[in-house]
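Note that the protein sequences, when read in sequence, are chains A and B.
For the first sequence, the numbering used here gives the first residue as 23, with consecutive numbering after it.
For the second sequence, the numbering used here gives the first residue as 23, with consecutive numbering after it.
Treat the hints as calculated values from the structure; they're not laboratory data.
Keep in mind it's a predicted model, so treat the numbers as computed, not measured.
Honestly, I wouldn't trust all of these hints.
Claimed, not checked - Rough simulated footprint, nothing fancy, chain A against chain B, three-plus residues with beta-carbon under 8 angstroms: (1) 35-48; (2) 53-59; (3) 70-81; (4) 90-96; (5) 166-177.
Said to hold, decoys possible - Result set (SDA-like, lysine to any residue): computed pairs, CA atoms no more than 20 angstroms apart in a straight line: (6) Lys210(A) to Met92(B); (7) Lys159(A) to Thr161(B); (8) Lys210(B) to Lys162(A); (9) Lys210(A) to Ile181(B); (10) Lys162(B) to Gly95(B).
Note that CB positions come from ideal geometry on N, CA and C, so glycine has one too.
Protein chains: 2
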Amino acid sequence: NLLETPEGLEMGGELRTITILTSDLRGFTSLSERLSAQEGPQKVVSILNIYLEAMAETITSYQGTIDEFMGDGILVLFGAPTQREDDPERAVACAVAMQLAMKGVNQQIAELGLPDLEMGIGINTGEVVVGNIGSQKRTKYGVVGSQVNLTYRIESYTIGGQILISQSTLDRVRDITHTNGEQQVSPKGVKEPITIYSVSGIDGNYNLALSQEKETFVVLRETVP
Amino acid sequence: NLLETPEGLEMGGELRTITILTSDLRGFTSLSERLSAQEGPQKVVSILNIYLEAMAETITSYQGTIDEFMGDGILVLFGAPTQREDDPERAVACAVAMQLAMKGVNQQIAELGLPDLEMGIGINTGEVVVGNIGSQKRTKYGVVGSQVNLTYRIESYTIGGQILISQSTLDRVRDITHTNGEQQVSPKGVKEPITIYSVSGIDGNYNLALSQEKETFVVLRETVP
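For reference, chain A alone in the conformation it holds in the complex (with noise of 0.2 angstroms):
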């Protein structure tokens, strides 16, 4: 995907309107400290790489670009290096997918004797600079802007088991997206409240759904002073 285009990556900076996604577990830190004081921190390591190989492995089944795996944080381009027209439905899509995929990450945990892992999901488009940054020794393509910080936002809203998208994204995938909730919320660094809105599934070519028994779970029109 790099060899797409090379000028692009060369030049070092491009302005790209391209769909986000963050994802990360919830409370896993503490989580990750219980579990290395009782079962070893070779066990936190374990849990947390038989997660990160399910979900690698849908991200680029949906081929999005993992920008970044911080912890048990992960950064997903839809859009960078390689810009497709359906960028935001794939992001949705690569999402919901991830969701049902944690079941299966799951098993493999519960056989470990450990408990639960839950997910959360952030999702906004919106424009970017993205280019290689580094230095000389180490250099990665990468973006930058407050859109990214957005969707980290975002994704701090959500619950276990959770997708939130914003207006931006939900514009772009209406048509075959099912949302089941909305909240108003005021994130830092942003001015005016947005209303950012839990997924429920996607039709289309994707054709994919949370469970009933997830959707119970989702907050509805809760606002976040």
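With chain A held as given, fit chain B onto it using these hints.
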């Protein structure tokens, strides 16, 4: 360095007391969006790379392990993968050297006709799980634990030019480190308020001091609600 502890790495998970340094450019996201609009996205990547190149050079010379570049943010480990007795003091000395290196960075950036960058640095010492984290195709040596999160929180209290360190780091470098201020803060995820200290210089083999000009900007004993 990776070869020094091959067993530890293969085991994939070890509890370690390390000193963690995080830095970022204060206000860079909004600056980057103004720059992108006025001067083009290439300029954003250019100044980011000038900054990261200089910082990578400084960090390497203090034997810090660069774990991550995230946009304008840097995560550095002292004590992993290789542990040394002087990890905490090398981290503090590295931070002072990084702030001093910003002068050269800003000279290069001024030559491009662009405004000064200001960096904040947080440092903390604590127990974390280290190991090879990721998927089969994409593994990296990384860290997990609340002490990593706490370091980011400490950094978030900095203003440009400032270095803030936790009590646990200060306790290990007290004999040679000069501070010129302290704050009580209540970071998210921490039960009791903690005290953080503003570093103005370090003696010992390092003999580095921030300029007086910077020190006058340091906020003393401000309580963050």
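Verification of the supplied hints:
Counting residues of the region 35-48 of chain B whose CB lies closer than 8 angstroms to any CB of chain A gives 3, so the stated coverage by that chain holds, three being the minimum. With 3 residues bearing a CB less than 8 angstroms from a CB of chain A, the region 53-59 of chain B meets the requirement of three and the coverage assertion stands. Residues of the region 70-81 of chain B with a Cβ under 8 angstroms from some Cβ of chain A number 7, which satisfies the need for three, so the listed coverage holds. Only residues whose C-beta sits within less than 8 angstroms of a C-beta in chain A count toward coverage, and the region 90-96 of chain B has 5 of them, enough to reach three; the restraint holds.
Beta-carbon proximity to chain A at under 8 angstroms applies to 5 residues in the region 166-177 of chain B; the threshold of 3 is reached and the given coverage holds. Between Lys210(A) and Met92(B), the direct Cα distance comes to roughly 19 angstroms. Compliance with the 20 angstroms bound is thereby established for this hinted pair. Note on Lys159(A) and Thr161(B): the hinted pairing holds, with a Cα-Cα distance of about 18 angstroms set against a maximum of 20 angstroms. For the proposed pair Lys210(B) and Lys162(A), the alpha carbon gap of about 31 angstroms is over 20 angstroms, so the pair is violated.
Restraint check for Lys210(A) and Ile181(B): satisfied, since their Cα atoms lie roughly 17 angstroms apart, inside the 20 angstroms limit. Restraint check for Lys162(B) and Gly95(B): satisfied, since their Cα atoms lie roughly 18 angstroms apart, inside the 20 angstroms limit.
Checked against the numbered hints listed earlier, the structure breaks hint 8 alone; every other hint is satisfied.
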